[in-house]
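Line order of the protein sequences matches chains G and C. The first sequence begins at 0 in numbering that gives the first Met the number 0 and counts up one residue at a time. The second sequence begins at 0 in numbering that gives the first Met the number 0 and counts up one residue at a time.
Read the hints as simulated data drawn from the structure, not as lab findings. A virtual CB, placed ideally from N, CA and C, is assigned to each residue, including glycine. Incorrect hints may appear among the rest.
[Claimed, not checked] DEER-style ranges, computed between Cβ atoms:
1. C:Q255 / G:D29: 41 to 49 Å
2. C:R280 / G:D29: 27 to 35 Å
3. G:H128 / C:T214: 49 to 57 Å
4. G:K21 / C:G170: 53 to 61 Å
5. G:K21 / C:Y40: 47 to 55 Å
6. G:P100 / C:T2: 56 to 64 Å
7. C:V295 / G:L13: 54 to 62 Å
8. C:G198 / G:R25: 29 to 37 Å
9. G:P100 / C:G118: 26 to 34 Å
10. G:H128 / C:G44: 53 to 61 Å
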Amino acid sequence: MSKPLRVVVAKPGLDGHDRGAKIIARAFRDAGMEVIYTGIFQTTEMIVRTVVEEDADVLGLSILSGAHLHFAEEICKALREQAAKEVLVVMGGILPPPDIPKVKESGVAEVFGPGTPTTTIIDFVRKWHAAQ
Amino acid sequence: MKTVSELLTAARAGHTAAIARLLSIVENDEPGATEVIRATYPQTGRALKVGFTGPPGAGKSTLVSSLTAAYRKTVPRVAVVAVDPSSPYTGGAILGDRIRMREQYLDKGVFIRSMSNRGQSGGLSRATRRVVSVLDAMGFDVILVETVGVGQQEIDVVRVVDTVCLLTIPGAGDDIQAIKAGIIEIADLLVVNKADRPGADEAVKDLMQMLNLGTPRNDWRTPVIKTSSNLGTGIEDLMGAVRKHREWANQSGEAQRRNADAMRTEIQALMRERVLRELERRMDPKQIEDVVSQVVSKRLDPYGAVDELLGPEAKG
Numbered sequence: 000m001s002k003p004l005r006v007v008v009a010k011p012g013l014d015g016h017d018r019g020a021k022i023i024a025r026a027f028r029d030a031g032m033e034v035i036y037t038g039i040f041q042t043t044e045m046i047v048r049t050v051v052e053e054d055a056d057v058l059g060l061s062i063l064s065g066a067h068l069h070f071a072e073e074i075c076k077a078l079r080e081q082a083a084k085e086v087l088v089v090m091g092g093i094l095p096p097p098d099i100p101k102v103k104e105s106g107v108a109e110v111f112g113p114g115t116p117t118t119t120i121i122d123f124v125r126k127w128h129a130a131q
Numbered sequence: 000m001k002t003v004s005e006l007l008t009a010a011r012a013g014h015t016a017a018i019a020r021l022l023s024i025v026e027n028d029e030p031g032a033t034e035v036i037r038a039t040y041p042q043t044g045r046a047l048k049v050g051f052t053g054p055p056g057a058g059k060s061t062l063v064s065s066l067t068a069a070y071r072k073t074v075p076r077v078a079v080v081a082v083d084p085s086s087p088y089t090g091g092a093i094l095g096d097r098i099r100m101r102e103q104y105l106d107k108g109v110f111i112r113s114m115s116n117r118g119q120s121g122g123l124s125r126a127t128r129r130v131v132s133v134l135d136a137m138g139f140d141v142i143l144v145e146t147v148g149v150g151q152q153e154i155d156v157v158r159v160v161d162t163v164c165l166l167t168i169p170g171a172g173d174d175i176q177a178i179k180a181g182i183i184e185i186a187d188l189l190v191v192n193k194a195d196r197p198g199a200d201e202a203v204k205d206l207m208q209m210l211n212l213g214t215p216r217n218d219w220r221t222p223v224i225k226t227s228s229n230l231g232t233g234i235e236d237l238m239g240a241v242r243k244h245r246e247w248a249n250q251s252g253e254a255q256r257r258n259a260d261a262m263r264t265e266i267q268a269l270m271r272e273r274v275l276r277e278l279e280r281r282m283d284p285k286q287i288e289d290v291v292s293q294v295v296s297k298r299l300d301p302y303g304a305v306d307e308l309l310g311p312e313a314k315g
C-alpha cells in the first residue's frame with residue numbers, strides 16, 4: 000500500500016474568508032490525501048511548525064488578504080531551514096498577475112486563482128509527487 | 000534523505016523535524032520502521048500516557064489543549080497525538096484537531112501530531128501505539144492521546160495509555176446508556192465535560208449511580224470529574240485523578256498487567272499482519288477477484304471461497 004500524501008491547508012494572516020480553504024481541504028481528502036486543516040489567522044511560525052511536526056509533503060496556502068508576497072517569502076524560507084524534506088508549496092487566492100512570478104521566486108510552486116477546478120490542483124500535486 | 004540512525008540521533012537531541020520523520024516511518028511502515036522500533040523500545044515506559052475518548056463533540060480536543068497547557072507548567076515536554084477518522088471510500092482524511100489546540104502551537108515544549116485512523120475501527124489507527132512508543136522513547140514527559148469520536152465499542156486506547164479518560168457531556172443520554180457494556184468498562188476516569196452547561200450535576204449523579212451498580216473488577220474506584228474548558232475549571236482535579244490512578248496502578252500491579260496485555264495484543268496483531276501480508280503476496284489478485292465473482296453469483300459460498308484460496312491443507 001502506498002502511503003497517503005499529507006497536506007497542510009492553512010490561511011495565514013488576518014482574513015477570515017475560509018470557504019476556499021475548506022473546499023480545497025475537502026478536495027484533497029476526497030483524492031485520498033490526509034489533510035491537516037489548521038483554520039484561519041495563522042502566523043508563519045504556526046504554519047511552519049505544523050508542517051514540520053506533521054511531516055507534511057504539501058502546504059496549501061490560501062490568501063485573500065493581499066499579504067501574499069510577505070507570507071510566501073517568509074514561509075518558504077522558514078520551511079527550507081526547518082523541514083526534514085522538500086515540501087511542495089502551492090497558493091490559492093487572489094493575486095495581482097505581476098506578483099505571481101515574485102511568489103514563485105520565493106519558492107511557491109504554483110498559484111491557483113479563483114475558478115480553478117479542484118481537479119487541476121489535485122493533478123498538479125499528484126504530478127509533483129510522481130516526479131519525486 | 001537522512002538515514003534512520005542519523006534521524007534517531009537528531010531526534011534524541013530534540014530536533015522536531017527528525018522526530019516527525021521517525022513517526023512517519025513507523026506510521027507508514029516504511030523501510031527502517033523495524034530499526035526505529037528496535038532502537039527506541041528499550042527507552043520506553045517513562046512518559047505519563049493519558050488517553051481521551053468519547054463521542055464526537057464531547058470536547059476532547061479542547062480539553063486536551065487545556066491539559067497540555069496545565070501539564071506544561073509542571074514538565075518540560077508534552078506530546079499530543081490526535082486521531083481523526085478516514086473516509087471509507089477514498090482513504091483520505093481531514094485532521095482538524097489542531098484547530099482547537101492553537102494556543103499551544105508556539106510553545107516549544109509541545110509537539111502535536113495528527114493521525115488518520117486509516118480505516119481501523121477501534122478509535123485509533125494500527126500505528127498509534129507505535130507512534131506513542133517512539134514519542135515516549137524521545138523523552139516526552141507527558142503524552143496525551145485523543146481518539147476519534149467514538150460510540151460504545153472503540154476500546155483500542157486502553158492498550159496504548161496508562162490512564163483512560165472517558166468524556167461525556169450533560170444531556171448526552173439517560174442512565175441506561177451509562178450501564179451498557181463496552182467503552183464505559185475501560186474508563187479509569189469519567190469526565191463530565193462542558194460542565195458549564197445545564198444538567199452537569201445530573202450527569203455526574205447518573206454516572207455515580209451506574210458505577211455503584213456493578214461489581215468492581217479491582218479496588219480502583221472510578222471517579223467522576225466535572226470539567227469546563229470555557230470556565231477553565233476541573234483541570235486540576237482531572238490531573239490529580241490521573242496522578243492518583245497512576246500511583247494506584249503502579250502499586251497494585253495493574254500497570255504491569257495492563258502492559259503485558261497490551262504487548263500480547265500488539266504481538267498478535269503484528270503476527271496477523273505479517274501472515275496476512277505473506278498470504279497476499281503469494282496470492283494472485285486475479286484469483287481473488289475470480290472467487291469474489293463466484294461468491295456474488297452464488298456459485299460458491301464465502302467459506303468455500305476461503306478453502307479455494309488457501310488450498311486443501313488449510314481447510315477449517
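Each hint tested on the structure:
Taken as a hint, the range 41 to 49 Å holds for the pair Q255 (chain C) and D29 (chain G), whose Cβ atoms sit roughly 45 Å apart. Separation of R280 (chain C) from D29 (chain G) is about 30 Å and conforms to the stated range, judged on CB atoms against 27 to 35 Å. At about 55 Å, the CB distance of H128 (chain G) to T214 (chain C) agrees with the hint of 49 to 57 Å. Hint check: K21 (chain G) to G170 (chain C), Cβ distance near 29 Å, so the stated range 53 to 61 Å is violated.
At roughly 40 Å, the beta carbons of K21 (chain G) and Y40 (chain C) sit outside the given window of 47 to 55 Å. Between P100 (chain G) and T2 (chain C) the CB atoms are about 38 Å apart, so this pair departs from the stated range of 56 to 64 Å. About 56 Å separates the C-beta atoms of V295 (chain C) and L13 (chain G), a value consistent with the hinted range of 54 to 62 Å. In this structure, G198 (chain C) and R25 (chain G) meet the distance hint of 29 to 37 Å, their C-beta atoms being roughly 34 Å apart.
Taken as a hint, the range 26 to 34 Å is violated for the pair P100 (chain G) and G118 (chain C), whose Cβ atoms sit roughly 42 Å apart. Remark: the range hint 53 to 61 Å for H128 (chain G) to G44 (chain C) is contradicted by a beta-carbon distance near 38 Å.
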